[in-house]
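Protein chains in written order, with the numbering used here: chain A, 1 to 281; chain B, 1 to 252.
I should point out that these hints are in silico values taken from the structure, not numbers from a laboratory. Any given hint could be a false lead.
According to the in silico footprint, chain A covers these stretches of chain B (three or more CB under 8 Å from chain A) [as the list claims (entries may be wrong)]:
(1) 52-64
(2) 97-111
(3) 154-162
Now the in silico label distances, taken between C-beta atoms and shown as ranges [said to hold, decoys possible]:
(4) A:K161 x B:L236: 46 to 52 Å
(5) A:G114 x B:E72: 37 to 43 Å
(6) A:P116 x B:K115: 35 to 41 Å
(7) A:L28 x B:K115: 56 to 62 Å
(8) B:L68 x A:P177: 23 to 29 Å
(9) B:S143 x A:I123: 49 to 55 Å
(10) B:L57 x A:I273: 29 to 35 Å
(11) A:L269 x B:G249: 55 to 61 Å
(12) B:G71 x A:I273: 50 to 56 Å
(13) B:E27 x A:V105: 28 to 34 Å
(14) A:I273 x B:S143: 21 to 27 Å
(15) A:I222 x B:V141: 49 to 55 Å
(16) B:R62 x A:K161: 23 to 29 Å
Below, computed lysine-lysine pairings styled on DSS-like, alpha-carbon distance capped at 27 Å [as the list claims (entries may be wrong)]:
(17) A:K278 x B:K144
(18) B:K115 x B:K139
(19) B:K145 x A:K271
(20) B:K76 x A:K276
(21) B:K139 x A:K278
We put the CB at the ideal spot given by N, CA and C, even for glycine.
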Amino acid sequence: MKNHLNYRIAKTKVMQWLVYLLAFLTVLPLVFILIYIVKAAIGAINWDFIVNIPKPVGEIGGGIANALLGTIIILFFATIIAVPIGILTGVYLSENKTGKLSYWVGMCVDVLQGIPSIVIGIIAYFWLVRPLGSFSAISGSIALAIMMLPIIIRSTEETLKLLPNSLKEAGYALGMPSHRVILRIIIPCGFSGILSGVMLAVARVAGETAPLLFTAFGNPFIETNLGKPMQTLPLLIFNYATSSYEEWQNLAWGASIVLLAMVLSFNLLTKLITRKWKIQL
Amino acid sequence: MENTIIKTVNYSSFFGTHQVVKNVNMEISKNTVTAIMGPSGCGKTTFLRGINRMHELLPDARSEGEILLNGEDVMKTHPILVRQKVGMVFQRPNPFPNLSIAENVVAGYQLNGIKLSKSEKEQLVEESLTNVALWKEVKDVLSKKGTFLSGGQQQRLCIARAIAMKPSVLLFDEPTSALDPISTASVEELFMKLKQDYSLVIVTHNMQQAARVSDKTAFFMMGELVEFSDTKKMFLNPEKEETQNYITGRFS
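For reference, chain A alone in the conformation it holds in the complex (with noise of 0.2 Å):
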């Protein structure tokens, strides 16, 4: 008896260290990518580096200000499109538990949440750039705004989802109609989740590039008009990292740390936030 305790003593330590093990694996990679990264770049970030825009080769200096501002543009525009198509599609999907239409809806956001990246870039590109004959920041952002989807819709629903049904109750029960129940009960007792989904959703797109190539396309001068060209982080880090001047792999690199230091903190904020605006059901 006492051999067998100690036995199952001896596996439970085994078992402990083994998920110890696994789990530090898994944190690896991520702090080789940001000890590198942060290695590589740290010589090219500065003041001006965030304010100038790109140098023709030979030139010392230049910046990525083109970049930086063409990013937050485009997501911004992307948010706009996929938030209130997402949030309403969410909810749709938690209120029509069963019946033929959510079925085939939540199948099709699976599905589009399983679309590589650059089939819809160039999905948008044959109906959004090639019709109106010019890349353009806005068929950048759609194409964003496609791959954002997913994520609010399956965040929203499931979020929804958790809310106990009495609350629904109690709104009807005081005469109230369902769209009232909805927008002044469900959405905003489900306002962190929902908001952690979209904030999740800009970081997961922020860093695309494929679907930029042939809609966003690039640009080296500063750009805010939506129906040109725009530079963003991940297109020139595409572009420079890969061309043969030592100048522009430094700037790449540069706008590597930028772009990453701007997903890590959005993941951050969103955990601040959801953490700060939850509520207490």
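Guided by the hints, dock chain B onto chain A, whose structure is given.
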């Protein structure tokens, strides 16, 4: 009868093809507490939810027959109007977690887009909370979230939310089954007070509670209304054998 507020005529409800409530004919009088008791699954909650047409919100649910509220058939009235006249309190306290205590009380107005002036609102909050004996306990924390209160306080807050709408009938679906004995006592005490202004219908699986708080008691079994009479008579001298068996605890 002039004193009748709710009268059901051959009222039945169904889930799909399964009939849960069978041809119930019942008259509920004004300013009384009517208790509905019966074994689990006897259709008492379904019947109660039929009165304010909450039943039909469930999938596959439908009902037949008439329910007359002050002579008007609620089955032919828009459910939103019915629910504004017939308030409901649920098994578990369900204050809106995103609203403060005061906002919860006037939720029926504010979330429905009915504008109240600041003084109307303050008056309504104080009046409703006083009516449920909660005003003294919460008057200094009105802007705190409703979910910070204890279970019993939350349930009284939900009652305040229901009576703020000035309904004529209040329905309670096992209102104390999630509460501790002290909170239960405070809610039961409240029934006595509330019946001066409202007509109360209470579903309970607790016979002692029915005996303590109600004027009249209905006994449901297998979806049928077996017996409906004065509470005293029901418990001392029931007419039907099933009632006798249930009360004496031969089954539950």
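Next item on the list: Please flag the earlier hints that this structure goes against, numbers listed from lowest up.
Entry: 5, 6, 13 and 20
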